[in-house]
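Trainee: Sequence:
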Amino acid sequence: LQSWIPAAEEGDLIEIRLDHIPDADLKAIRDLTGKPLILTLRSTREGGYWEGTPAQYRKICQAAIDAGFDYLDVEYNAAAVLPQLNNGNTRIILSCHTELKQRKELQELLKAMLSVPAAVYKLIYNADALRDNLALFDLIETARSAGVDYVVHAMGEAGRLSRIIGAIRGNAWTYVAREYSTATAAGQLALHEAKDFYFLDRKQSHARLLGLVGSPLHQSKGWRLHNLLIQEKITSSRAKSTAGKDFIYV
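Residue numbers (this note's numbering): -1 to 248.
Mixed in with the good hints there might be a few duds.
Keeping only pairs whose Cα atoms sit at most 20 Å apart, straight-line, the calculated SDA-like set for lysine to any residue is [said to hold, decoys possible]: (1) 57 to 40; (2) 57 to 98; (3) 193 to 219; (4) 193 to 244.
Treat the hints as calculated values from the structure; they're not laboratory data. Since we're looking at a predicted model, the values are computed, not measured.
Put together the whole structure using the sequences plus the hints.
Mentor: Here is the structure:
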C-alpha cells in the first residue's frame, strides 16, 4: 500500500479493499495520503473475500471510522451494524451487489435501501446483455426523486456502458481501476481510460451518446479518436457554436 496509494492519487478518491488484509494498520494507511479514502470490506456473498463474523465486521468498521476514513462502505445485508457504530465524521455508503436485473425488482430493492439512512446509496446489478443497461435509467430516476447521492451501474462486460452513462447522469463518483491489470470487476474502466479516452471528468449531464453498430466491434479503436476530436472541438475557444452541446462516443 505504501507504493500503491501514491500511484493512485490521480483519482479524486481512493478505495481501500480490506478483504485480504483485515488486520491492516488503518491509521497508517490514512496517513499515507490526503485524498478522501473509502474503506470497503466486501463479503463473499457480494463478490468479495471477507468471511469474518458480524463482531469482527463491526470492529473493523469502527476502526476505520476512528482512523479518520472519509467513507465507510457498509453492505445493505449488514446494515444492522450501523446503530452500533459511532460514525464521527465518516460518511456511510450503503451498498448492494445483486444478481437481480429485472427493472421492477431493482427499483424495489433500491427503495428498500433508501429506508436506511446513509450518505451515498450504491446499487450494482448484473448485466448479461446490452439491453440490461436500460435499468440504470429507472434507478437513477428513483434516486433523484428521493434527493439522495447515488452510485448505480451494472456488472460485467455487458454492463460497461452503464458505468459511462452513470458517470454523466449523476453518479457521485465512478469506480475505476488504477490500471487494467488491477481491475476488480469485469467491465471496469481504468483511470487513464476514463480521463484520457472518455474525458468523464469533464462531461456534464447534457452529454449525449454516440455509438457504433455492427459486429464484431471489440477490435475497433475508433472511439478513442472520435472522443479526442469531440473533446478538442468542445473545448476550442473558436467553437462557440458548440455551446451546450457535448457527446461521448462508445
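Trainee: Can you give the numbers of the hints that this structure goes against, from lowest to highest?
Mentor: When the structure is compared with the hints, only number 2 turns out to be violated.
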